[in-house]
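Q: If you read the protein sequences in the order shown, they are chains A and B.
Under this note's numbering, the first residue of the first sequence is numbered 1, with each subsequent residue one higher.
Under this note's numbering, the first residue of the second sequence is numbered 1, with each subsequent residue one higher.
None of these hints come from the bench; they were simulated from the model.
From the three backbone atoms N, C-alpha and C, an ideal C-beta is built for every residue, glycine too.
Keep in mind that a hint or two might mislead.
[To be verified] Estimated spans, in silico, between C-beta atoms of each pair: (1) A/310 with B/93: 39 to 47 Å; (2) A/310 with B/125: 52 to 60 Å; (3) B/116 with A/119: 50 to 58 Å; (4) B/125 with A/194: 46 to 54 Å; (5) B/93 with A/72: 18 to 26 Å; (6) B/116 with A/170: 17 to 25 Å; (7) B/100 with A/112: 26 to 34 Å; (8) A/204 with B/125: 33 to 41 Å; (9) B/93 with A/217: 37 to 45 Å; (10) B/100 with A/172: 51 to 59 Å; (11) A/155 with B/100: 29 to 37 Å; (12) B/104 with A/309: 32 to 40 Å; (13) A/259 with B/116: 53 to 61 Å; (14) B/93 with A/90: 30 to 38 Å.
[To be verified] To give a feel for the contact side, a few chain A residues facing chain B, derived at Cβ under 10 Å: (15) 293; (16) 355; (17) 562; (18) 566.
Residue strings, one per chain:
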Amino acid sequence: MADPKRHLPTGNEGPHERSRAEIGAAPGGPSPALLERLLQAQNPEQLYHQFLLGLSEAVPAIQHALVLVKDANGYFQYLGAYGIPGELWRGLEGLPEAHIRADFPPGETAWYRGESHLETGYHLPGLSTFELVNDLQALLPAPVSQTLTLPLLAQGQVWALLNLHGCELKPDHREAVYAYLERVIGIVRQVHEYQQSKRRSLWLGAINSLLRLPREHPLETALQDALEEALRLSEADGARLVSFEGDEVRTLAQAGWGVGLETPERGRPVRALEVEAALTRTVRFKLSRGEQISIPRYDLYPDHRPELAEAGLSSLVALPVQRPGVEGGALLLFKTQSHWLPDLQTRELLQDMAAAIGIVRHERLLQEELSWAAYTDPLTGLGNRRAFERDLENLHRLDSGRLLMLALLDLDGFKAINDTHGHVHADHVLVRLGATLKARARAGDRAYRLGGDEFALIIEGSASLDVSRTAERYRFLIEEIKVADGEYLKASLGYAVLPGDAQDLADLWRVADDRMYDDKALRRLLGGAASSPQEARRNSSKEPLSPEPSTPLSRLTTRLGQAAGLGPAELQALAWAVGPAEASGEVVTLPQAVLREAMALLGAQYERWDGKGLPQGLAGESIPLAVRVLQVARDYLRLGGSAVALAALRAEARKAYDPRLVQLLAQIVGTPPDR
Amino acid sequence: MYETKTAHVEAILIMDTRSVRAGLRNQDLAGNWSRLYKANQLYLDLSLKVERGSAVLMGQVIEAKPLESRPTDAKPEPVESTLKGQARLKTLSDTVAAQVDLDESGGFRLDLPRGVTHHLEVRLSGLTVRISDLTA
C-alpha cells in the first residue's frame, strides 16, 4: 500500500532544504552526539551505519534496515545496514536503478517523486529480478511483517534508497522516520560528498606524489607504490602495471588479487595464473588507440579466458599508459565481483594515474637517454671522457682497498689510416675497436674513448693483479684489429697503479700519460709504430732520436746484440747507454722510458756471470742480456780489441762473462766490425 | 506485431570503452563511448558520438561470436536477415521519442537529445532487448 507520506524532505532537494541542512545550523537537526558520530565516520560504511543506528534509536520499531546509494553508473550499492549481519549484505552486487524502479510497486512516477511505500512482508525492489541474490528475506535474523521503502531525492534524481523492516510500522513510527530524515539526511549526504572529495584529494595526492618523484628515487618502487594506491582507492581486488614490448606483455608491478595465484590444469602440476592473459588482441588494440576499457562481466565477455573466470576474475578495467612515440602499456584493475565498474570520477582519476605513470616512465627514459648521451662516446659506444673522469673519481672515493689501475692507449699512426683509407673507413675501425673492448673486456674493467685516438681503461684488482700482463692483453686485443690487408692497428700503452705508482688521481693520470708517451716515442724510434710502409718512411725521415752507431763500442754492441737476439727496444736502450759517453757532448732530451732503460743497463754493467759482481750480485741469465752484451763488447775493446783481448775474455767466460756471448763475439770479430 | 509473444530482456553491460585524449579527458570520458551488451544469444554494440552539441546513438545487433576470431579493425558481422526489427528511444515515462528500423546489417542510428535520460529498446522477432538510462 502506498504510504500517505509523500515527497520526503531530504534536506538536499532545493535551496531552502539545503540551507536547513547545514551542519550544526539546522534547528531540530541531529543531536550533538549523533552529529559527532556522523562527522567522525571515516568511510561511507561507517557513515551509513551511524545514520541507521541513529534511526533505530529514534524509531525502535525498526528491526532491520538497509541503505543503498546510487553510484555514477546508475547502480545502487549497499553501503550500510542495521540489524543485518555484515556477511549477508557486504559484497552484494549493486542493483541497477532500472531494476529497482521497475520493481517499485507505486511505479516510476512515484519513484521520481520520492514517494515512500509501505507493504506487508519483506520486499527490496530490484531483488526479485536480480539474478545473483536469491532471497534475502530467508536470511534475515528476525521475522519481518512490514517493509517501508523510501527513495531519497536530490536534484530531481533518486540518490539513495532506504529499506526499513519491522513487525509493525505504525503511522507514528513512520512519522518518526520522516522527522528523523528531515533532521539528518542532509548532513549525511554532505558528509558523504565530503568523503568523496577527500577520496579524490587522496587520488590527486597520489598522482602528484608520482609526478614529483625525485630523480634518485627508484622508478620501480614508485610504480609499485602508485599501483598499490590505485588498488586501494579504486577498491579493486587486484592490479597490474604492464608494458607492451612487441607481442610480449611485461609486468612492471603487481598487487592484490592474482599475485602468486595458481590454477590447476588437468593432469598437470599447478601453474602460476597469468592475469595478463586477459589482455587479448582486441583489448590491446583498443588500448593502443588510447581507449580505456571496462569489462564488468568478464565471464560474458566474448573473448574471456575460462581459466581466469574460473579463478575468480569477474570484472576488469584496463587503462592505456601511453608514451609518446613508443608502444606503451596498461594499468589493469581486477575485481572478483561481477558488475564492477568504477564510477566516472574514479575512472577519470585512474586515467590520470595511468597518464602520470606514462609521463614518469617517459621522463625516466629521457633521463636515461640523456645520461647515456652525456657519458657515452656515440661512435664506439664506450664511455666518454666525462664518464671516465666520473668513474675514476667515484672509484677512488669509494676506496675499496683494491688496486686501481689506469691504462692509457693511444693508437699509433691513426692519422695515416684516416689519410690513406678515408674517415669512414677509419670510423669503422674505431667502431670495431669499441665493440672489441666491450665484448672482450674482463668483467668489471671499464673502457673509454677519451677523444680522437685516445682510449683508457680503468681496472680494479687485488694486490696480486699482474698489471703489466693485463695492460698488454688489452694492447694485444687492439692490435688484433685489422685495418686493411696485412695492416693492423697499433697502440702505445702507458699504465700506472694506485697505490704504488701515484699518490692521487692526478698523479696516477700523469704517470700513465708519461709512460704512454714514452712508449709512443720509443715505438716511433723503432719504427714499430709504423702501420704502413709509407709511415715507416715518414718516421725514418724524421730527425733521429737515436744516436748514430758511430763509435766502435756502439757499433760492436749493436752487432753483438743483434746476434744475441736483443729486441729493438733493448737495442735502442743499449745504444743510448753507450752513446752519450762517446757522443760529442750535444745535449739530447731522451724519452723517459729510454732513459730509464739505459740507466738500468749502465747500473748493472758490473754484475758478473758467477754472481760475484755489483751492485746486486746477479748471476747468469738473471743479468739482462743487454747488460751482458755491453760487458763483453766493452771489455773486448778496453783490452785492445785483439786476439789477446778475446783470449782474456774466453778465460773469464763463466766467471765474469756470458760464455755464449764470448763465443758470438769470437764469431763476429773473426769478421771485424766495420770501423 | 511484436507486442504479443515477445520476451523482454534487460541487456547486460559487458564492455564499456572510452577514448582518452590528452587535454580532453573529461569531455571524452563523459561523452563519446562504445558499449557491448549481451542479451540472450545476441550482442548489441552501441556507441555514442557527441558532436557540436548533438548526440548520435549508433547500434548494431551482432551474433554471439568471439571478437578475437575476427580482425580487430573489422566490422562486426551482420545479424541474419531474419532478425529484422526496430530500435526505439523511450522517455522515462515510457513514451516513444524516436523509432527506426534496423538496416540489413542489424544496425541503426538515433539522435539522442542531450541531458535527458532515455531507455533504448531493440525489438526483434520474439525478443525485446532493453537498455535503461542512456544519457548523452
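Q: Of all the hints given earlier, name the ones this structure violates by number, lowest first.
A: Checked against the structure, the hints that fail are numbers 2, 3, 6, 8, 9, 13, 17, 18, while the rest are satisfied.
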